[in-house]
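There are 2 protein chains.
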Amino acid sequence: MKKTILLIIFILSLFTISYSKSSDPLPSWNDTAVKKNIISYIENITNTKSPDYIPEQDRIAVFDNDGTLWAEEPIIQLLFSFYKVNKMAETDKSLASAQPFKAILNNDKKYLENMDKNDLVKLVLKTQTGTDTVEFEKEVADFIYGTTYPKLNIPIYKTVYQPQIELINYLKENKFKVYICSGGDINFMRAVSQKLYGISPENIIGSYPKYSYNTDESRVIRGAEVVSNNDKEEKPANIELFIGKKPVIAVGNIGGGGDIYMLHYSQNGQNMNPESKNYKTLQILINHDDEKREFKYAEKDNISLNWAQKYKWNVVSMKNDWKQIFSK
Amino acid sequence: MKKTILLIIFILSLFTISYSKSSDPLPSWNDTAVKKNIISYIENITNTKSPDYIPEQDRIAVFDNDGTLWAEEPIIQLLFSFYKVNKMAETDKSLASAQPFKAILNNDKKYLENMDKNDLVKLVLKTQTGTDTVEFEKEVADFIYGTTYPKLNIPIYKTVYQPQIELINYLKENKFKVYICSGGDINFMRAVSQKLYGISPENIIGSYPKYSYNTDESRVIRGAEVVSNNDKEEKPANIELFIGKKPVIAVGNIGGGGDIYMLHYSQNGQNMNPESKNYKTLQILINHDDEKREFKYAEKDNISLNWAQKYKWNVVSMKNDWKQIFSK
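Just so you know, the sequences run in chain order A and B.
Residues 0 to 327 in numbering that gives the first Met the number 0 are what the first sequence lists, from first letter to last.
Residues 0 to 327 in numbering that gives the first Met the number 0 are what the second sequence lists, from first letter to last.
This is chain A alone, in the form it adopts within the complex (with noise of 0.2 Å):
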């Protein structure tokens, strides 16, 4: 009796053995140069008897949103705006007769095309700000779940990247908390976070406006100010506001160089703790060159692709680096 017990004991930890020597935590990437160093750079920080050993509280990762973890062309934020536009101009007639509104209620490509940063300023201010936090996230969340990707005839909440799914489940596995470190707005993102990517709330940075509590009704009302636009070394500074922290990985992409100076922080910026200064950080680029899965498209002037290459950050190839682009 006693002997087929330790016999079954014994077969047991075989099976757990190789079980876990063989499931692939990144079954959606191909088996290139970055993965391999993503997965050796991750047993290596967690190995108690690397030099290279990262302690848990330490193990902060960032990542980029529109771009990073799903698509960006157009900005998902931008299609919201106009949804939006589309509902508020049922009850607000002022709309139809002042630009940009005007335009897109009579679909004008021409102007969309070439909206100005004043143009968007106003789209976001009369679209996202004025009501409250709560009432915000839900419109969010309705339009996320409800409203078709334009180009990918795809749902909106199905053109996360799986591959980068997979890597966020692998960080949390191996103990890091995950932040998303995003130009969209905070609550934006905030709204759908937890079910698209099981990233919880606060752990969002994002750009803001100003908030306010009014305490008659108990409500945070999202203020027609932007206080952060966090794009660009705007990034790094607020990482520093909201965490406190350097990261020790980052991850971005190209499009318009606005991941390039969190990715730079991470990888060169000073760090708090002083007996941190010399962990290994790790540097993740992704690339939209696959035209057939999702888009193709590249920086006038390539700063992103020359950043990695003089700070020799890994840089994903979505055609060559990715098995599986979206969920199925």
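Since the hints were made in silico from the structure, they are not lab data.
Note that the coordinates shown come from a computational prediction; the quantities given were computed from them, not determined experimentally.
Note that the Cβ used here is the ideal one computed from N, Cα and C, for glycine as well.
Incorrect hints may appear among the rest.
Here are some chain B residues the structure puts well away from chain A; computed CB gaps all over 10 Å [what the hints assert, rightly or not]:
hint, residue
1, 29
2, 105
3, 154
4, 176
5, 211
Cut-off 27 Å, straight-line C-alpha distance, at most; resulting in silico cross-link-like pairs (DSS-like, lysine-lysine) [said to hold, decoys possible]:
hint, chain 1, residue 1, chain 2, residue 2
6, B, 209, A, 116
7, A, 83, A, 101
8, A, 35, A, 311
9, B, 171, A, 174
10, A, 311, A, 231
11, B, 121, B, 86
12, A, 194, B, 48
13, B, 231, B, 171
14, A, 171, A, 157
15, A, 209, B, 121
16, B, 194, A, 48
17, A, 174, B, 194
18, A, 35, A, 48
19, B, 295, B, 116
20, B, 295, B, 231
21, B, 125, A, 209
22, B, 231, A, 209
23, A, 194, B, 125
24, A, 209, A, 231
25, A, 171, B, 174
26, B, 137, A, 279
27, B, 279, A, 194
28, A, 209, B, 209
29, B, 194, A, 279
30, A, 311, A, 174
31, A, 174, B, 174
32, B, 209, A, 121
Since the structure of chain A is already known, use the hints to place chain B on it.
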């Protein structure tokens, strides 16, 4: 043989049960109503069979810092700015001729007691901006661990309230995410929060200047502009910004009426998660009424105690509810 083992297991299990029942999570609290309310609240909302059960991800607690977790007569950050003015004056001779620096250098008590808001702003900008965050936090930690607190004649780091450390630990054991939300500067608190309270930098919300990232030097600089003075109605606004979830526990103190909006919000505010609307919540207000062991002070308009009565918050009498105030 088998029976012996079973007996041992039985005895061990009895021991475990009696041990966990008898251990007091809050030994520095007297057995008064407030302590009973806290413990029965926690036992209720962590009990999966209770109708008031709160899932772990929604267990958020926020604490004020000055006067709630450590002494505030005088405010420790003000002492730091005096200390810093004295240090800066060694190389910057111009300070001796401009107010309020002149008054600090000459210990002009009459001037110092009547400093206005402009003086305080000048003081903060001069002594606490312009450096990078890493350098600033080092200076703060040196100060807090190397300076004596006036009136009490103990090291500054010893002015932490022992009952509150026990409360923080008790909440963490019950899977709460514990945040500080204080009018103090965010880096000032982050410099010592892990060591003093066991609260990590990413869980600190405070007042903050404008940060900027200097790419050439890879440093985040604290700019000469205060973006948020995290007091009164600004506290719920910043909780929303940093956490994106409404806390179910809020702890503050009487003094300047700075915490009542945060307590009000935790009790009455809307919650992002529609299912969590009806969570039971807990509000605690510390009353400084112990002139023997700490200080006795009150607000001119009594607003904090009035709100506590109106909204049925728990009021802690430091004199009656705390067995011990400072750690030994």
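Against the structure, the hints come out as follows:
no.: 1; hint: 29; in the structure: holds (33 Å)
no.: 2; hint: 105; in the structure: holds (35 Å)
no.: 3; hint: 154; in the structure: holds (22 Å)
no.: 4; hint: 176; in the structure: violated (7 Å)
no.: 5; hint: 211; in the structure: violated (6 Å)
no.: 6; hint: B/209 - A/116; in the structure: holds (23 Å)
no.: 7; hint: A/83 - A/101; in the structure: holds (13 Å)
no.: 8; hint: A/35 - A/311; in the structure: holds (15 Å)
no.: 9; hint: B/171 - A/174; in the structure: holds (18 Å)
no.: 10; hint: A/311 - A/231; in the structure: holds (19 Å)
no.: 11; hint: B/121 - B/86; in the structure: holds (16 Å)
no.: 12; hint: A/194 - B/48; in the structure: holds (26 Å)
no.: 13; hint: B/231 - B/171; in the structure: holds (26 Å)
no.: 14; hint: A/171 - A/157; in the structure: holds (22 Å)
no.: 15; hint: A/209 - B/121; in the structure: holds (24 Å)
no.: 16; hint: B/194 - A/48; in the structure: holds (26 Å)
no.: 17; hint: A/174 - B/194; in the structure: holds (21 Å)
no.: 18; hint: A/35 - A/48; in the structure: holds (20 Å)
no.: 19; hint: B/295 - B/116; in the structure: holds (24 Å)
no.: 20; hint: B/295 - B/231; in the structure: holds (22 Å)
no.: 21; hint: B/125 - A/209; in the structure: holds (26 Å)
no.: 22; hint: B/231 - A/209; in the structure: holds (15 Å)
no.: 23; hint: A/194 - B/125; in the structure: violated (45 Å)
no.: 24; hint: A/209 - A/231; in the structure: holds (20 Å)
no.: 25; hint: A/171 - B/174; in the structure: holds (18 Å)
no.: 26; hint: B/137 - A/279; in the structure: holds (23 Å)
no.: 27; hint: B/279 - A/194; in the structure: holds (25 Å)
no.: 28; hint: A/209 - B/209; in the structure: holds (14 Å)
no.: 29; hint: B/194 - A/279; in the structure: holds (25 Å)
no.: 30; hint: A/311 - A/174; in the structure: holds (26 Å)
no.: 31; hint: A/174 - B/174; in the structure: holds (16 Å)
no.: 32; hint: B/209 - A/121; in the structure: holds (24 Å)
When held up to the earlier numbered hints, the structure conflicts with 4, 5, 23 and fits the remainder.
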